[in-house]
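**Student:** Residue numbering for the sequence shown follows this note's numbering, starting at 4 and increasing by one per position.
Quick caveat, the hints were computed from the structure, so don't treat them as lab data. Don't take every hint at face value.
[As the list claims (entries may be wrong)] With a Cα cut of at most 25 Å, we get these calculated PhoX-like pairs of lysine-lysine:
| id | residue 1 | residue 2 |
| --- | --- | --- |
| 1 | K83 | K34 |
| 2 | K119 | K105 |
| 3 | K30 | K59 |
| 4 | K105 | K34 |
| 5 | K59 | K83 |
| 6 | K118 | K59 |
| 7 | K96 | K60 |
| 8 | K59 | K96 |
| 9 | K118 | K105 |
| 10 | K105 | K60 |
| 11 | K30 | K60 |
| 12 | K218 | K105 |
| 13 | K118 | K83 |
| 14 | K84 | K30 |
| 15 | K84 | K34 |
| 16 | K60 | K84 |
| 17 | K96 | K83 |
| 18 | K84 | K59 |
[Claimed, not checked] Estimated spans, in silico, between C-beta atoms of each pair:
| id | residue 1 | residue 2 | range |
| --- | --- | --- | --- |
| 19 | Q20 | D56 | 19 to 29 Å |
| 20 | N122 | P90 | 13 to 23 Å |
| 21 | F234 | T28 | 17 to 27 Å |
| 22 | D245 | T191 | 38 to 48 Å |
| 23 | F234 | E170 | 32 to 42 Å |
| 24 | R123 | S15 | 17 to 27 Å |
| 25 | A154 | N82 | 38 to 48 Å |
| 26 | D56 | F35 | 34 to 44 Å |
| 27 | S15 | V195 | 16 to 26 Å |
| 28 | S147 | F35 | 37 to 47 Å |
Since this is a predicted model, take the numbers as computed values, not measurements. Positions of the beta carbon are idealized from the N, C-alpha and C atoms, including for glycine.
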Amino acid sequence: MQSLYIGTSGWSYPDWQDCFYTGVTRKGWLKFYAERFSAVEINGTFYRLQSPDTFKKWFDETPATFRFALKGNRYLTHNKKLLDPLPSVLIEKNHAGALGEKLALVLWQLPGLLKKDLNRLKNFIDALQQWPEARHSIEFRHNSWFDDETADCMTEANIAVCLSDAEAWPMWDRTTTNLVYIRLHGHTQTYVSPYSKPELAYWAERIAQWTQQGKEVHVYFDNTAECAAPFNAYTLQALVEDYGR
């Protein structure tokens with residue numbers, strides 16, 4: 004069973020036409036991507052729900068071992084700020100069912116201004132229990148959440164903390180389950196700056212340790228603005244392979 008998935012946050016960026024998808028027609032981009040990486044984080048679902056037909060199309064265009072990480076829609080996380088979560092969770096679940104076994108997990112990104120509210124978190128986690136077919140990870144962007152009380156709540160529910168590296172918000176460097184979820188947004192300039200080889204070597208060493216401990220690790224590069232993401236993903240894949248030799 005595969006324990007490591009490395010990819011990017013989204014794959015359909017027009018700016019990648021000349022730097023990553025050179026000579027590939029737009030309709031062939033997902034197939035091209037899936038031949039090079041083992042998974043992708045679906046970033047677009049944060050902004051707009053996708054239809055089951057679209058998910059089925061993506062399922063059909065990717066290899067059997069390929070996996071998707073679905074980013075939960077911002078209506079629940081940012082508009083409703085996790086209040087009355089169950090209807091939104093069930094809508095997401097219904098749409099994403101077409102991804103079948105290729106849906107590895109769902110990422111829920113919280114707004115940076117949303118401070119710790121443990122009761123609100125527990126109600127949200129209760130709603131997530133109605134979607135047991137997928138694993139779940141939460142990206143906290145306000146450091147008031149970064150404590151043992153929140154971590155214990157996550158561990159009890161078997162939900163992963165997202166390790167979210169960026170210049171624009173703090174990272175909670177904490178693991179709470181046998182799933183490790185990492186988003187690399189750009190350490191120097193969020194969404195833009197590439198990671199240096201020493202920076203990637205740091206992550207590669209940690210990833211190798213986690214996989215040796217039997218953890219499933221997902222890493223997605225979100226420094227997509229100037230096409231750094233796919234090439235950083237290439238480099239990280241090679242570095243992790245070196246640690247495995």
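**Student:** Among all the numbered hints in the text so far, which are the ones the structure does not match?
**Tutor:** The structure conflicts with hints 1, 2, 5, 6, 9, 14, 15, 16, 18, 22, 23, 24, 25, 26, although it agrees with all the remaining ones.
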